[in-house]
Amino acid sequence: MELLIIKSGQEYIRFKDHVPLLVSIDKANVFLLNQMEVVQEHVFHIKEQGFTDVCIKKLVLTEEDL
Numbered sequence: 003m004e005l006l007i008i009k010s011g012q013e014y015i016r017f018k019d020h021v022p023l024l025v026s027i028d029k030a031n032v033f034l035l036n037q038m039e040v041v042q043e044h045v046f047h048i049k050e051q052g053f054t055d056v057c058i059k060k061l062v063l064t065e066e067d068l
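Quick note: the sequence shown, position 2, residue 4 per my numbering, numbers continuous.
Take the hints with a grain of salt, since some may be wrong.
[To be verified] Listed next, with one range per pair, are the computed distances between beta-carbon atoms:
{"id": "1", "residue 1": "V21", "residue 2": "L68", "range": "35 to 43 angstroms"}
{"id": "2", "residue 1": "E39", "residue 2": "E66", "range": "18 to 26 angstroms"}
{"id": "3", "residue 1": "G11", "residue 2": "Q37", "range": "34 to 42 angstroms"}
[Stated by the list, open to error] Here are the simulated BS3-like cross-link-like pairs (lysine-lysine), alpha carbons at most 25 angstroms apart as the crow flies:
{"id": "4", "residue 1": "K49", "residue 2": "K9"}
{"id": "5", "residue 1": "K9", "residue 2": "K29"}
{"id": "6", "residue 1": "K49", "residue 2": "K18"}
{"id": "7", "residue 1": "K49", "residue 2": "K59"}
{"id": "8", "residue 1": "K60", "residue 2": "K18"}
{"id": "9", "residue 1": "K18", "residue 2": "K59"}
{"id": "10", "residue 1": "K18", "residue 2": "K29"}
{"id": "11", "residue 1": "K49", "residue 2": "K29"}
{"id": "12", "residue 1": "K9", "residue 2": "K60"}
{"id": "13", "residue 1": "K9", "residue 2": "K59"}
{"id": "14", "residue 1": "K29", "residue 2": "K59"}
{"id": "15", "residue 1": "K49", "residue 2": "K60"}
Think of the hints as simulated: they come from the structure by calculation, not from any bench.
All of these numbers come straight from a predicted model, not from anything done at the bench.
The beta-carbon is built from N, C-alpha and C at its ideal position, and this holds for glycine as well.
Can you build the whole structure from these sequences, using the hints too?
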């Protein structure tokens, strides 16, 4: 499975009540690949709010038996 995540520096973005927060990867919002336009809009607004080094990353998840 592939998902999109927004990164700022070494941290990730989580939206709480439409406010972007810097969090660790396990707390970040993730998006489906077909939501790229929404993610790009989020990135635009996050940059306007002064966040730096903002980029979109693709997470690749795999499932394995233990």
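- request: Could you see if the CB distance from E39 to E66 stays within 18 to 26 angstroms?
  value: violated, 32 angstroms
query: Okay, G11 versus Q37 on CB: inside 34 to 42 angstroms?
result: violated, 23 angstroms
query: Given the hint that K9 pairs with K59, does the C-alpha gap stay at or below 25 angstroms?
result: holds, 7 angstroms
- request: Verify the proposed pairing of K49 with K29, using a straight-line Cα cut of 25 angstroms.
  value: holds, 20 angstroms
Hinted pair K18 and K29, Cα distance within 25 angstroms: Distance ~11 angstroms between K18 and K29 Cα, so the pair holds.
message: K49 and K18 were given as a pair; does the straight-line alpha-carbon distance stay at or below 25 angstroms?
response: holds, 17 angstroms
query: If you draw a straight line from the CA of K49 to the CA of K60, is it 25 angstroms or shorter?
result: holds, 19 angstroms
field: 25 angstroms Cα cutoff - pair K49, K59
entry: holds, 16 angstroms
query: Is it true that the CA of K49 sits at most 25 angstroms from the CA of K9?
result: holds, 11 angstroms
field: Hint consistency between K29 and K59 [alpha-carbon to alpha-carbon, up to 25 angstroms]
entry: holds, 15 angstroms
field: Restraint check for K60 with K18, where alpha carbons must lie at most 25 angstroms apart
entry: The given pair, whose Cα atoms are some 21 angstroms apart, holds under the 25 angstroms limit.
query: Is it true that the CA of K18 sits at most 25 angstroms from the CA of K59?
result: Status holds; Cα separation ~20 angstroms.
Checked against the numbered hints given earlier, this structure breaks hints 2, 3; the rest are met.
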